[in-house]
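Peer 1: Okay, here's what each chain looks like letter by letter:
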Amino acid sequence: MTAAAARVPQPGRRPGAGHAVASGRLRALVPPVGAAIVVLLLWEFLLQALGFAEFLLPRPTTIVTAFLQQWPVLQKGIVYTGGEALAGFLVGVSLGVIAAFATARWATAREALMPVAIAASSIPIIAMAPISSAWFGVESPLARIFIVTLMVFFPVMVNTVRGLTSVEASALELMRSYAAGDVDTFRHVRIPNALPFVFTALRIAATLSVIGAVIGEYFGGPRYSLGIYISSEAYLFRYPNAWAGIVCACLIGTAFFAAVLLLERIAIPWHRADGRDA
Amino acid sequence: MIPDSAIPAAAAAATPVVEIRGVDKTFATASGGVVALQGIDLTIRAGEFVSLIGPSGCGKSTLLRIIGDLTGPSAGDVLVNGKPSHRARLDRDYGMVFQAPVLMDWRTVSRNVELPLEVMRYPKADRQARSKRLLDLVELGEFGDRYPWQLSGGMQQRVAIARAFAFDPALILMDEPFGALDEMTRERMNLELMRIWRETETTIVFVTHSIPEAVFLSTRVVVMSPRPGRVNRVVAVDLPQPRTFETREERRYFELVTEVREALRGFEEAAAVDEVVDARIRVEGIG
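Line order of the protein sequences matches chains D and E.
This note's numbering puts the first residue of the first sequence at 1, with every later residue one more than the last.
This note's numbering puts the first residue of the second sequence at 1001, with every later residue one more than the last.
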């Protein structure tokens, strides 16, 4: 979303250049914010004018009112569901990265793990959710953490493997000419090369983790968890409340995504959005 | 380590640094084996600057990679500093410069120069001192804190050269290092390389397809024939040292350029046909 700003050439990084970049970044925010405002305005006024039933698609102001009223419950839901998503995210990312290292390093691991990973990626999560609830117990957050782990694992592993292996042949030859061992080659070439790929996967995983947690909760969880809350409020025709729950899920996903972007900026400052993006 | 025995290049009695004996190289391709090199014999002595020149597909880069043990010969022996090339690589006896600078995007210029030193476990203070000295040598002393992408192509290649010299190898292998640069930059880089070669007293093996470049830089030019690659002729370049801007205007320089060109003549047509095969071999050979 700040691609235009990042593409501003910054030769030499002269003092004062930061100022121009910052204002460029602000300007880049104008289109998305403007688009959001237009959509909300249309939603608020046009749907009503067209005669849509309020209960089918409540107006934004109605949702905001419900959101504020329900905040004590939603707050607990955000913490609970967000916690599940975060735990599953961390476990899934860790396992994905570990599997990727083994895969990139040992051909045997590659042969053993890749089919498993591909099979895991094609498991329909919606089918897995009730089974996971049966395994870990309906009340246990482990059921959802497992689902999220499963969803996050595959994209992280595949992207990391690609990052670790798609290294320029000449960079490997250079390391070979230094008689560098595997550890040094990983440390100095493969891992830095993989980081942009890993962060691409983390962005995907950030949003997937919230989706996984909410879907998982449709099959079990405390009353205030977002999945249960959304489905039960919808069941009771309290659509504005259900929508407020959906907004909460979006907020968690957006927060995760933003956290990943921030981390990315800190971890790979050299990585420019110049078309060599992973 | 600058060799104590660095003798003027002209002295034929200098220690052999590279000895190539009866080297063949055959690549297996989908359409059968392709003979890239056949019966190569060549001795390169301390302090020499030897260019390998020939049309595309003559195996000159392959020969360089065999010297550096980046690929093995199908037959024959290669000794570097009197040791098998594999041993020499493990002993870090040579520095390598490729056509692309192959700099790490995530490292500043000075930390790129330090890369081999980190792999070789030099102490930090020593690494920094060497990096500083080498960057001064290639006249990039002020650019140590920049990132590679902030430099021009010529500057990046100078960083790659500084990196190759960072651990004082007695032998430097260069694979068309200036091939991607424009003519003006290339001539300036040639002059700089000559100065660095004199100051460091290293032995350099240099692959190029530019006749003027080969003659200007070298003490000897090895002219190779296309597939199967053979040593067709070795031209001793008796131009006075140090080579300067004026060297390129000397009568003897033109005579030698003509001599190398004559030795190369007749290969061009064959080379054009072989380009496709060559590309395939490079891909399969590296993979």
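Calculated directly from the structure, the hints in this document are not laboratory data.
Incorrect hints may have been included.
[Claimed, not checked] Covered by chain E, per the in silico footprint, the following chain D stretches (three or more residues, Cβ under 8 Å): (1) 153-165; (2) 185-193.
[What the hints assert, rightly or not] Derived CB-CB ranges, DEER-like: (3) E:1183 - D:187: 55 to 63 Å; (4) E:1153 - D:33: 38 to 46 Å; (5) D:107 - E:1153: 52 to 60 Å.
Using N, Cα and C, we set each Cβ at its ideal position, and we do this for glycine too.
Peer 1: All hints are to be evaluated individually against the structure, with a verdict given for each.
Peer 2: Evaluation of the provided hints:
no.	hint	result
1	153-165	violated (count 0)
2	185-193	holds (count 3)
3	E:1183 - D:187: 55 to 63 Å	39 Å, violated
4	E:1153 - D:33: 38 to 46 Å	40 Å, holds
5	D:107 - E:1153: 52 to 60 Å	37 Å, violated
Hint violations for this structure: numbers 1, 3 and 5, all remaining hints satisfied.
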